[in-house]
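Trainee: Starting from the two chains in their separate frames, assemble the complex, guided by the hints.
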Amino acid sequence: MSSNQFRKRIRTSLANAHLQKALDLNAERRVTRRINALETLPDWKERRQRAHAVRAEVIENLDSYLDQFTAKAQANGVIVHRAKDAAEAVKIVLKIAKDSPRRREGRQENQKETFAALGALRGEKVLVAKSKSMVTEEINLNHALEKENIRVVETDLGEFIVQLRGEKPSHIITPALHLRKQDVGEIFKEKLDVEYTEDIPALTNIARKVLREVFLTADVGITGANFAIAEEGAICLVTNEGNGRMVTTLPPIHIALIGMERIVRNLDDLALMLSLLPRSATGQKLSVYTQIVHSPLPNQQRHFIILDNGRSRLRNSPLKESLLCIRCGACMNACPIFREIGGHAYNSIYPGPIGSVISAGLFGSEFVPLAQASTLCGACKDACPVDIDLPKLLVRVRAGQSQVSSLKSSNPHGLTLFSSLTLRMYSRIARHPRLFALSQKFAALGAFLIAPFSQWIRLPAFTGWGYSKDLPRFANKSFRERFRKEDTPSHVTLSASEGSLLQQSETLRSPEALPQSDTSKIERFAKELTAVHGHVHHAENATQSIIQFLQSRNINHIHLEPNVLDEDALTKADIAFSREPDPAIRVGVTKAKCGVADTGSVLEADGEGKSLHASLLPEVHLVVLHTSQIYPSLEDAIHLVKNTKSAVFITGPSATGDIESAHTIGVHGPSDVHVFLVDD
Amino acid sequence: MFTCVPVYALPTSVYTQPMPRIQLFVTCLVDSFYPQTGEAVVSIFQRLGIGVDFVRDQTCCGQPPFSAGLHAEARPLAQHTIEVFEKTTGDIVMPSGSCAHMMKHNYLELFRDDPAWLPRAQALASRVFEFTEYLVDRLGVTDTGAKWDGVLTYHPSCHTLRGMKIDRQPRTLLANVKGATIVDLPATEDCCGFGGIFSVEHPELSAELLKRKISNLETSESPTLVLVEAGCLMHIAGGLHRQKKSQRVVHIAEVLASQ
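Sequences listed follow chains A and B, in order. Position in the first sequence counted from 1, then plus 58, gives you our numbering. Position in the second sequence counted from 1, then plus 3, gives you our numbering.
I should point out that these hints are in silico values taken from the structure, not numbers from a laboratory. Be aware that one or more of the hints could be misleading.
Chain B stretches covered by chain A per the calculated footprint, using a threshold of three residues with CB under 8 Å from any CB of chain A [as the list claims (entries may be wrong)]:
hint, region
1, 49-63
2, 72-81
3, 117-124
4, 197-210
5, 242-256
We treat Cβ as the ideally placed atom computed from N, Cα and C, and that holds for glycine.
Okay, chain B solo, but in the shape it has when bound (with noise of 0.2 Å):
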């Protein structure tokens, strides 16, 4: 929590500040498939100097409900997700552009006859960001000291690129880090096959698209997927375990944290 102190102006080019602190909203998929994401997510923040809030409350911010047109599934979901948060202060980080773009985009969307509910999701769309989002966008961090001795690929999820329009801020950060070869992936911007639901209920297209994914990949010849999103990343590692392949997926967080 924010605390009033003096700030002193020192001779030097060195000052006192408070120390600025983030909500962290982890995400359900993080929280129990890959905790060692969030954990790359805190350390990140800690060697910046910034200060993590986890309100244990948190659990999932109705996705999964709302994309498959179960809205009255999703919206006691979101007003949890919102009261949770209207009890903290700060800006409400994720390392998931697509429960981001959930809370910044589609509370409105759910709320938009709800003269109750809208203004609230209004209030919390407004401090929401995506993980590298809010590195490069907010803070103007663009290298976060990583060293990673290897070849990368990124795979920018449609909802982080398409629906939250971040694309630059993920390519930068792994740009900056040092030891790693960023080289492209084929057909890039074309959908995993994930879709949430949509991979169980149409698993027959899914494992098209998700064909596609893997074949880009080899044609890439990086051995290692880096992504913004929990989702599509179980997804493609799922689908290369399955195939028996050697590379691995990982979250951008951990690469970013990787020393």
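Same shape as in the complex, but just chain A (with noise of 0.2 Å):
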């Protein structure tokens, strides 16, 4: 994209009304919701710091790292592939879906559900469910997919949305940030064959039920990864909707891809990074599903695609501390020039900040413009949880110094024909003391010429300067001319209260220290559940509470997990249960493994592959806990995933903020989820 094009792109976005509109609204939001949830980590400055070691470390011995995780993967039961680029990557999942058992047979059950639009699902084609991925966008998987007759349904809400368009995500974690809920009235409209609503509640209600039958029939689930755990052979994928998790575990065949940077040394590296992470991206403690991914389940084929497509290219360039990016968005959500363009006008899948820097160390030269469009005010640096210096890395991408854009290019850094030839001469003068003072004179004089009676010159737009300001005049006698070498003593006498001027130090103010919480951890467990709209009770009998909830609400039949609740008791109660999901089933009941207390969390592992499915796919969630399994922090609980096929933080019900950011309950997972805390 040449300066010309991005212009003409800039002006695009800010001539759309909508659009500003849109922006405001989200770096109004986001970036208040991200300062609030840091704030709640009163060493966030520091972990942020050692976050920045971290993912340092890593990329400097990536290449083991990349080995150890490979074969933990492998010695897990997961296959895992390398691919050195985009065609690369494509060529193997093409190969992996191809060869997919299909699962006609469910469609076509499920063909009692009437949205037009699905029709084209059903049939022959394999259909792929997809969820979010930036790496699957980066390789343009569905482009590549759907050339090759196979069918591919995005189920992240943000990302359905621009997918129906016909458009790309304009923010890496906001896809359809661009858009109201006019707009997404109109296109499930047009596409769906709905009622039109603007309510985003109805609206998300609808994306569930059309999203719901891919995921019980899709051949194939692609997701990305947020980060790859190399001690674990693990990924951990990060989302709040729920479709992330129904892509890993329904699906006979998961596939993930995997950036090769996404590496963290471990589980308590992990836990650092998602401390930060989910604060950073939507400012939420945790996400609601946070899941830890290791084997794949019972029928399951599980597929790690570690892709590079420009990546050792950019660790061997002096763009390398991009490579510490965790994708959280913040620094878009802080950029004074994403709010005004948004993320479109980048034409990059890597809008903003982060963007601007490795679009052209990952895709070339002609993405240099990008980084000019920036003031360097350092904001997306204060933004970033891992710290990086991204005013640093777009000054080098000015400076040509992203290996792909050779100084040979027509126009390696990014500028116009002005401001370049402007520059030189500006700074050829400046080398000079001489000639800078004469041309001070002369500057001075010019603008006295221009404008003879006035303070300021009025300078055509061209200039870029007169577009919007006027210029002050020179001064008439620079200040080299004004100064005279003053005559003050060398000597000065000082009363002894004026010392003073004396250096001195600044006392550096303590980190607060954290409040010491009289509130035990169960009460901090039931207070942050609540906070995420998660229900608490405090039951002395599990059984005895949970039938008493079912039959407050009519509820005869339940998705159980075994060995949670006393079984003869709910016959006797004629609560019917089964231990296979179906779509009559509302509620789901099962054990947590664990909880959390500072971010109301509760750990599911797979046992037999089934509390996953009673835990996700009913409107009710009802989980025990037992009350001595309740740890402090994700940092105490996290190595309970170890040895587990896959496991998932849930911290609340499923939620959105795709549409306008607004909070919205109940996508593709439990809308209600209980928590039954029992003494033990």
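Mentor: Right under this line is the structure:
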């Protein structure tokens, strides 16, 4: 993209009033939420430095960590592939998809659903359900699959919306950031043949219904990965809606595409990253679903595709630090330029400050002009949870240091000819003090001739400066002409009280100590879970409390995990239970492996692979949690995921903020989560 | 220059000491557009009993070509500046956080692969101070004895605030100006849209950011905006003039020197 094409896109964005409103809303909401969330972590600045060091060490020794990850994942039963570029990655996915066993029978059974657009989902085509993944956008996977007659459905609400509109995401976390609820209502009406509505919960519910069928009938599920844990051979996926869990759990094949820099060393480092990522991305202490996926579930095939696609080159370039990025999008929300132009103007799947660095590094010198669209104000660096020095990297891109852009390129700095010539001329003059002083005199004289009676000069708009502001007159006499070495005595008499002129060292304020909480872990857990719209019940007997809960709602059939409740008592109370998923069942009951007090989360792990269904498919999820199993923080609890096939920390009901950043509860996972606390 | 003289241990609380001196790096914008700002800096130091040396060979620190990515153009300017100040001793003080940021941090970036110049850049960096930082942190001065009749609001320029982490210092100095009422500028930390060559490269974007800054200034109801940067000052003042607004923008040195 040339400088001029970029400028044209910028003007288009600025002229789009709806977009401007959406961007303002995003900036205001997201920045406040991020700051509030980080303030709940008193040592976040120190964590940020640790996170930087941890990421830097991984990138430094990436090859050995990748080997460790691969070996461990293979031992876990995962099929691991390496792809050096987009074409290779696409080829691998295609091969897996074409060899996949079909789930056509399931699809035919589900033909009762009446959404017109879904007609295309059924039939002979391979159906791929995708959860949001920037890496798949980077390699343009959907396009490649559709070309091979494979049907791909994006299942993240925001991605689903932009896919229906035939667009690309405009933000790496909130893909439909550029749209209003009215736009969503219109595209749903057009493509899904539903009544127009602009009620966000109603729109969300439409997506839930449409996509539920996709989950249940897809042949292949494709996801990205937020992190790949070297020591475990596992990946971590952070989502809110529940689609990520569906896609990794229900289809017989799961493929995860992993950018090769996503590595963390171990679960401790992962916990550190997870304390920063959701807070920075969405202002959540923990995302609703934090999955750690080790092995395939029974009757499932799992593939990890590790993608290079320019990352090795980036790693050997002066832009190496950009590989520390954990893709939270905070730099975009904080950037005053992104706020003006939005993601699409950048014409790269990675927009904003980090995008302006890595697009040039990964995709080539045509993206160098993006880096000129920054005031280098540093708001991005301050917002970055791993403290990437983005202004420094943006300047390096401008200086032609992204390795793929060579100085021989026609416009290596991404500057207009006018700026480039002006700066070069100025710089040559400023090398010589006398010439510099002489030029000042000429400039002052010139300014006087142009505007003899005004302190201001109105330059034409094409100069850039004259576009929106006037230029002050050069001073008639510069400082260097006015300065006389002053006649101050070489000694000065001071009174002792004025001795305060001596250096005064700044005493650093010690970071405020953690508030001494007088509430117990249990109360903390209850408070945090309630804050994320979950419910807490204190139960003397789990079975009796749950029976009461079910009877009060006239529910007599549940999806029950084994060894959770007294099943004889259930039968006596006329409550039927089954072990298998069934769309007719509205309530799932599971037992949590543990709770996390400071996020209000519960950990569900596979067992025989069933609890993952009971906690995901029904609308209401009831969890039994023993109070002795509540850990203070994620750092303390994360080791329990070891030796599980697939585990998930659940933090409240499934939710989305994909339409106008409005927090909406109940997408693909349960909309109602009740935890029954039982004392041991 | 320092002269070696015995310091007399006087029985009273009064003693004599060699007059401390600083090197003034006035910056190209103050030199060419706002000489009165440079004079305000000199007068404040005089009042504090500190001598000011001004080396006439200084020109520009090289920030404009550096930030634009024209490092081949920036290097000779940085080398020139280093050479000029290597001939002097003492702290180098400048009425600009972005030039200080350039000389303290970006010179190290510019010469990161240059074993000949990197140590020289490092030696220079340790002597570089922004003006308000120097007053408050180095000299312990929080009150310059200034008087200002009216309302003031402060815009923390990005390179000063985030690059140099300087914010408390100018705000402390302003709070102690007698007669002045300091009001908050809404969204104070938002960039004004200057960004050096950026404002010429992307005038439409620069204009949008400037519009926000001016609208926030109007919300603050302060007639005067105080800055520590001549670049942002030129940009905002130019915008106010174009929009025929009555607010004025002054460099903090002029406020701190006012009597």
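Trainee: Work down the list of hints and note, for each, if the structure agrees.
Mentor: Structure-based check of all given hints:
| no. | hint | verdict |
| --- | --- | --- |
| 1 | 49-63 | holds (count 13) |
| 2 | 72-81 | holds (count 7) |
| 3 | 117-124 | violated (count 0) |
| 4 | 197-210 | holds (count 14) |
| 5 | 242-256 | holds (count 3) |
Checked against the numbered hints given earlier, the structure breaks only hint 3 and satisfies all the rest.
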